[in-house]
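*Asks:* Please take these sequences and the hints and turn them into a complete structure.
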Amino acid sequence: AQTVTQSQPEMSVQEAETVTLSCTYDTSESDYYLFWYKQPPSRQMILVIRQEAYKQQNATENRFSVNFQKAAKSFSLKISDSQLGDAAMYFCAYRSALSGTYKYIFGTGTRLKVLA
Amino acid sequence: ETGVTQTPRHLVMGMTNKKSLKCEQHLGHNAMYWYKQSAKKPLELMFVYNFKEQTENNSVPSRFSPECPNSSHLFLHLHTLQPEDSALYLCASSQVGGVGGTEAFFGQGTRLTVV
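Chains as they are written, first to last, in the numbering used here: chain Y, 1 to 116; chain E, 1 to 115.
Some hints here could point you the wrong way.
[As the list claims (entries may be wrong)] Label-pair distances were calculated between CB atoms; the ranges are:
no. : chain 1 : residue 1 : chain 2 : residue 2 : range
1   : Y       : Arg111    : E       : Ser62     : 30 to 36 Å
2   : E       : Thr113    : Y       : Ser74     : 35 to 41 Å
3   : Y       : Lys55     : E       : His79     : 35 to 41 Å
If you are wondering where the hints come from, they were derived from the structure by calculation, not from laboratory data. As the structure is a computational prediction, the values presented were derived from the model and not from experiment. Note that the Cβ used here is the ideal one computed from N, Cα and C, for glycine as well.
*Replies:* The following block contains the structure:
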């Protein structure tokens with residue numbers, strides 16, 4: 001079975017600085033999708049960024065980028081120029097690309113605090 | 001109304017009550033999910049429906065009963081719950097197969113307290 005591990009329960013970053021959140025996963029599959037979700041106090045999970053395992057190029061979305069290391073099964077999220085609105089819980093998630101597989105597997109989350 | 005909508009936002013119920021959580025998605029997706037989110041634990045997948053057919057039941061106790069009458073609506077019927085069932089219940093939807101993204105879209109959740 002696949003697992004997702006986030007080893008940092010909490011992280012802090014100064015406003016305008018850069019922070020990296022870690023995520024590792026375990027799978028025997030070669031094709032899958034990885035995601036980072038943000039959950040602010042409003043509770044709604046919002047997609048931050050996604051990565052297809054078959055793509056070697058790291059995904060980027062404005063201030064958010066990932067470092068995807070397939071062999072190491074590592075998928076870290078880098079937030080540049082941190083803003084107060086980035087404060088939230090961040091969840092790493094995995095989904096198999098196998099046909100007929102629909103479930104998303106989540107890590108325990110990292111709480112990000114942004115200091116003014 | 002767009003996205004995934006869950007009602008109610010908050011629910012307090014006694015252990016002998018029967019209540020239902022409702023989820024509606026307006027995204028044209030073909031898969032819907034119930035997740036349980038408890039403090040300091042990973043999101044726990046409870047049920048998955050694809051085209052109204054249940055494809056996953058993660059050993060969920062029978063006091064939780066899902067219902068998916070069509071691909072846009074998902075219910076979670078609750079009866080004789082325990083205090084440890086208190087949690088945030090999240091509904092999500094996604095498009096599996098065909099054209100479209102691979103991510104799940106979530107509702108704002110129902111905060112359930114069992115007293």
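*Asks:* Run every hint past the structure and note whether it holds.
*Replies:* Against the structure, the hints:
1. With their beta carbons about 34 Å apart, Y:Arg111 and E:Ser62 fall inside the hinted range of 30 to 36 Å.
2. Taking 35 to 41 Å as the suggested C-beta distance range, the pair E:Thr113 and Y:Ser74 conforms, at roughly 38 Å.
3. Y:Lys55 and E:His79 have their C-beta atoms about 46 Å apart, which leaves the hinted 35 to 41 Å range violated.
Checked against the numbered hints given earlier, the structure breaks only hint 3 and satisfies all the rest.
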